[in-house]
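If you read the sequences in order, they're chains A and B. Residues in the first sequence are numbered from 1 upward in steps of one, following my numbering. Residues in the second sequence are numbered from 1 upward in steps of one, following my numbering.
If you are wondering where the hints come from, they were derived from the structure by calculation, not from laboratory data. Just so you know, these numbers come straight off a predicted model, no measurement behind them. Hints should not be assumed to be uniformly reliable.
As a list, the in silico DSSO-like pairs of lysine-lysine whose alpha-carbon atoms are at most 27 Å apart [stated by the list, open to error]: (1) Lys837(A) with Lys39(B); (2) Lys837(A) with Lys64(B); (3) Lys855(A) with Lys64(B); (4) Lys34(B) with Lys855(A); (5) Lys42(B) with Lys139(A); (6) Lys870(A) with Lys68(B); (7) Lys855(A) with Lys39(B); (8) Lys25(B) with Lys855(A); (9) Lys855(A) with Lys68(B); (10) Lys68(B) with Lys837(A); (11) Lys21(B) with Lys855(A); (12) Lys624(A) with Lys573(A); (13) Lys855(A) with Lys42(B); (14) Lys91(A) with Lys160(A); (15) Lys837(A) with Lys34(B); (16) Lys837(A) with Lys25(B); (17) Lys139(A) with Lys39(B); (18) Lys165(A) with Lys304(A).
Chain B residues, not near chain A, derived (Cβ > 12 Å throughout) [to be verified]: (19) Val6; (20) Glu10; (21) Tyr16; (22) Val17; (23) Asp44.
Glycine included, C-beta positions come from ideal geometry on N, C-alpha and C.
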Amino acid sequence: MTEGISKRIYRIQFALLSPEEIRKMSQIKIITADTYDDDGYPIERGLMDLHLGVIEPGLKCATCGGKVDECPGHFGHIELAMPVVHVGFIKEIKTFLDATCKRCGRIKLTEDEKKAYLQRINALNNENSDIDSMSLLVKRITDEASSRTVCPYCDAQQIKVILDKPTTFREEGIKVTPKEIRERLERIPDEDLIFFGMNRTAARPEWMVLTVLPVPPINVRPSITLDTGERSEDDLTHKLVDIIRISQRLRESRDNGSPQLIIEDLWDLLQFHVTTYFDNQTAGIPPARHRSGRALKTLVQRLKGKEGRFRSNLSGKRVNFSARTVISPEPFLSVNEVGVPELAARELTVPMTVNRFNIETAREFVKAGPAPRDQFGRYLPGVNYILRPDGRRIKVTKENADENSKRIDIGWSVERQLAEGDIVLFNRQPSLHRMSMMGHTVRILSGRTFRFNLAVCTPYNADFDGDEMNLHILQKEEARAEARIIMKVQEQMLSPRFGGPIIGGIHDHITAMFLLTHNNPLYSEEETVHMLSFVDVDEMPDHEIINGKKFYRGRDIFSTILPKGFNIKFRSKLCSGAGEKCEYEDRIEDKDVFIKDGKMLTGTIDEASIGPFSGVIIEKIYKKFGPHEGARFVDRMTRLAVGFLSTRGFSTGITDYDIPEEAVKSIAETSRKALEKIGTLIDSYNKGLLEPMPGRSLEETLEMEILGVTGEARDESGKIASAQLGLSNPSVIMARSGARAKMLNISEVAGMVGQQSVRGGRINRGYTQRTLPHFSWGDIGAEARGFVESSYKQGLNPLEYFLHSIGGREGLVDIAVRTSRSGYMQRRLINAFEDLKVDDSRRVADTVGAIIQFKYGEDGIDPTRSDMGKTLDLNYIEFDQKESAEA
Amino acid sequence: MGKFNVLNHELVPEHYVLDSKEEEKVLRELGITKDLLPKINKSDPAIIALEQSHGDINPGSVIKIVRKSPTAGISVYYRVVVSGETVR
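Using the sequences and the hints, build the whole thing.
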């Protein structure tokens with residue numbers, strides 16, 4: 001969008017306001033601290049004077065004659081009785097006082113030094129180099145001048161000025177008044193200013209000591225009228241009232257010759273008020289408070305931080321055409337869809353500009369009124385407002401709908417309610433990656449929540465324990481086209497993080513597909529029809545006839561959702577378990593998933609096939625058949641999973657973890673042996689017989705040995721427990737298929753919880769030399785250091801429970817610390833990268849055109865289109881071609 | 001420790017100084033001016049090591065860096081030497 005630019009910024013200059021300039025831009029001198037009189041009319045020359053602008057309808061600005069929305073507001077000014085320093089320039093004032101002579105005001109450098117530095121400054125100016133090196137040079141110059149104790153020009157002895165924070169300067173303990181400071185700054189000659197990095201055309205140092213204070217327009221500090229009719233003034237107005245009051249009292253005291261002490265007190269008070277007017281969080285002074293005790297929000301507070309003007313109002317804004325509500329799951333929706341409550345759909349609108357092609361449609365919409373329904377009582381989009389070509393809004397009601405439908409003509413605009421099929425943006429915060437905001441097509445549903453397919457939980461990182469999400473309605477055709485082509489869920493299925501699928505089946509989907517395909521079970525025709533009724537299928541899969549009845553194989557049922565021509569062969573998760581030898585090692589037909597021409601021949605479907613992050617089937621279908629087929633597979637797979645589970649049923653409970661008496665005994669034996677072993681270790685340590693490991697102290701060696709023993713004990717008892725729990729156990733099915741939990745969790749429940757740890761070691765904190773008063777001092781035995789030999793099912797004894805809680809707390813704290821830290825890190829990265837751009841030649845450059853990378857990522861590869869980070873999966877391509885040729 | 005030439009370390013990519021002819025050619029190919037190239041400080045250890053074999057390298061010289069990449073094989077990068085004179 002460079003066409004519409006009529007003016008370009010050539011230069012920006014920052015300068016100080018001089019007292020004359022403040023007076024010049026002021027419309028009126030404010031002398032009264034009052035705001036409104038008893039009738040509620042602004043007092044003349046008060047802080048709400050009509051010359052400063054209007055905020056009340058009906059009144060006219062005394063300066064420009066404009067009404068409420070016409071007058072931009074005008075500045076006024078306050079003449080301060082005595083000068084005060086400006087908190088924002090304390091550092092600069094200090095530098096000026098330090099580096100110049102207190103008597104003659106010249107910078108404490110000899111003519112020769114001046115000449116040399118001037119040359120370097122000019123050189124830097126011509127070089128157009130960065131600001132940093134200039135400020136470094138200025139720092140060096142002023143430091144050198146400050147270190148002089150005798151003025152090279154008038155030989156005056158210099159006294160060190162000490163800054164007594166926040167705003168007082170002292171010389172040998174005696175206060176230097178702002179008036180004196182101002183006089184000294186005035187003495188500094190113009191030609192010396194360049195050594196301070198100050199430009200004479202922009203500023204004079206004495207302007208950093210205020211004699212006149214600008215009064216901002218009332219538009220900046222509007223007063224609000226409460227329901228009770230009471231007026232409440234803005235914080236800035238309150239502060240200005242204080243300043244005027246004190247200034248007046250100070251003037252009176254000075255003029256009628258009050259004691260110096262009283263004048264100084266008032267002067268300090270004026271300084272305080274002016275300081276807090278600028279920044280109410282200045283270190284060293286208590287913040288000015290409202291009567292209620294709330295700290296006032298003054299100028300700096302308005303701008304600074306997350307809630308300040310920049311981050312809250314300029315970088316981010318509240319928007320129209322958006323909705324937010326709780327989310328809930330709906331497995332019958334496609335991943336590309338979102339269920340929108342009727343209530344929201346009636347409020348959210350899409351503009352339709354009437355032209356000769358759509359005028360009839362537009363008329364029909366308007367005619368239907370604001371809440372139309374079809375003959376079955378179902379939602380139909382209506383119209384809330386129509387816009388005349390001059391921009392006037394007309395509300396459509398049931399009564400005027402017919403009439404309005406006749407009024408609209410070409411050039412009018414009709415705000416149509418949300419309809420099924422509209423594309424919208426759906427978002428969940430924190431928006432950590434681009435899949436946090438995706439395009440969905442609308443389905444209007446009853447109820448009050450947004451609904452979507454469970455496979456989309458992963459990219460949004462959503463669950464349904466009360467999460468809320470936002471919906472944005474696109475208002476322009478270009479935006480809708482863009483959303484449809486690049487933002488739709490099916491276009492975002494592969495993550496740019498690792499080039500694999502980020503969308504896939506979760507929990508029940510994986511369990512269901514696992515049960516459906518593992519060992520290729522048989523299902524009766526009735527069951528099969530029920531399952532397949534959840535999916536759109538054209539024909540039944542191949543069947544077998546046993547005892548005269550039709551039966552269907554699980555893998556054949558699964559094959560109905562695979563696209564024709566799809567080939568793949570890979571190892572399932574079931575058989576790639578960590579280290580353990582797979583029990584199907586000898587049964588090739590179960591070890592590898594083999595799909596040929598869209599027909600599943602061998603293997604078991606689990607997390608490695610259809611899970612998010614890992615699902616090979618999803619990834620390969622997506623890459624071979626495109627986004628549409630990819631999304632269709634996920635849609636049908638999730639539906640089939642629901643269909644399957646509603647015939648078979650699936651449940652888990654505490655009885656899943658029942659193991660025979662002998663196994664319990666053998667686990668107890670394991671833990672007894674471990675305790676014994678730890679006992680001997682400690683014994684030999686006490687006797688000094690323990691050999692230290694290389695590079696470790698004796699204590700460290702002991703700890704590591706013990707940790708080894710406890711770890712072994714847990715693994716051992718886990719093995720004993722899981723040997724009793726086979727693949728017919730629901731919990732094991734979930735763990736082995738990757739649907740939820742790990743085998744470790746099962747062994748914690750059925751076998752033994754094991755050693756608890758804090759920061760990688762055994763628990764050793766709490767009381768002096770012991771974790772709890774139940775142990776004796778110096779007890780470093782297993783129980784005293786957080787070894788839990790019970791299982792979750794048995795239950796933990798009080799001591800175990802306590803130490804387990806200590807270990808658990810560490811995890812919680814870690815999460816809290818991690819999220820806040822990584823959040824800030826991400827913010828900094830985003831700010832650093834936000835305006836980098838990849839151009840047509842895949843070159844990465846910033847807005848100036850300076851090159852960051854000559855080829856994006858140095859290889860020019862878009863990770864989204866890569867194969868898990870690699871450029872191509874040649875093995876698969878070869879395999880696919882061979883299989884396709886055979887088929 | 002003896003003086004170690006950083007360029008001999010396996011993690012440091014190859015650095016070359018371009019002569020004016022090559023320089024011109026590279027800039028023409030890229031279609032940009034020198035000030036838009038990424039910068040490298042004259043005090044950078046790689047430049048100091050390069051100066052040992054090449055003689056003084058003036059600010060404004062263009063350095064060609066050839067990096068090994070697991071995905072791209074080799075990737076070429078150009079950086080222009082800047083004085084980077086910091087006060088003090």
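Comparing the hints with the structure gives:
Annotation: proposed proximity of Lys837(A) to Lys39(B) holds, straight-line Cα distance about 19 Å (limit 27 Å). Proximity of Lys837(A) to Lys64(B) is assessed by CA-CA distance (about 23 Å); at most 27 Å being required, the pair is judged to hold. About 15 Å separates the Cα atoms of Lys855(A) and Lys64(B), which keeps this hinted pair within 27 Å; it holds. For the suggested pair Lys34(B) and Lys855(A), the alpha carbons sit about 17 Å apart, so the restraint of at most 27 Å is met.
This hinted pair checks out: Lys42(B) and Lys139(A) have alpha carbons roughly 24 Å apart, not beyond 27 Å. Restraint check for Lys870(A) and Lys68(B): satisfied, since their Cα atoms lie roughly 15 Å apart, inside the 27 Å limit. Distance restraint check for Lys855(A) and Lys39(B): the Cα-Cα separation of roughly 16 Å lies within the 27 Å cut-off, and the hinted pair is therefore satisfied. Simply put, Lys25(B) and Lys855(A) have alpha-carbon atoms about 18 Å apart, close enough for the 27 Å limit, and the pair holds.
Using a Cα cut-off of 27 Å, the hinted pair Lys855(A) and Lys68(B) holds, with the two alpha carbons roughly 14 Å apart. Of the pairs offered as hints, the one joining Lys68(B) and Lys837(A) holds, with about 24 Å between alpha carbons and a cut-off of 27 Å not exceeded. Our distance criterion of 27 Å between C-alpha atoms is met by Lys21(B) and Lys855(A), whose separation comes to about 23 Å. Only pairs whose Cα atoms come within 27 Å are accepted, and Lys624(A) paired with Lys573(A) is accepted, the gap being roughly 23 Å.
Between the alpha carbons of Lys855(A) and Lys42(B) the distance comes to roughly 24 Å, so the proposed pair stays at or under 27 Å and holds. Pair hint Lys91(A) plus Lys160(A) holds up; C-alpha atoms about 15 Å apart against a cutoff of 27 Å. With a CA separation close to 19 Å, the supplied pair Lys837(A) and Lys34(B) stays within the 27 Å bound. A C-alpha spacing of about 25 Å is found between Lys837(A) and Lys25(B), which places the hinted pair at or below 27 Å, so the restraint holds.
A threshold of 27 Å between alpha carbons decides the hint, and for Lys139(A) with Lys39(B) the separation of about 26 Å falls inside it, so the pair holds. A distance of roughly 21 Å separates the Cα atoms of Lys165(A) and Lys304(A); the hinted pair therefore holds under the 27 Å criterion. Distance check on Val6(B): its Cβ is at least 21 Å (rounded) from any Cβ of chain A, clearing the 12 Å threshold; non-interface status holds. The beta carbon of Glu10(B) sits about 18 Å from the closest Cβ of chain A, which is more than 12 Å, so the claim that it is off the interface holds.
Against the 12 Å criterion, Tyr16(B) stays outside the reach of chain A, whose nearest CB is about 15 Å from its own CB. Once the 12 Å rule is applied to beta carbons, Val17(B) is consistent with being away from chain A; the minimum gap is 18 Å. Every CB of chain A is more than 12 Å from the CB of Asp44(B) (nearest about 17 Å), matching its label as outside the interface.
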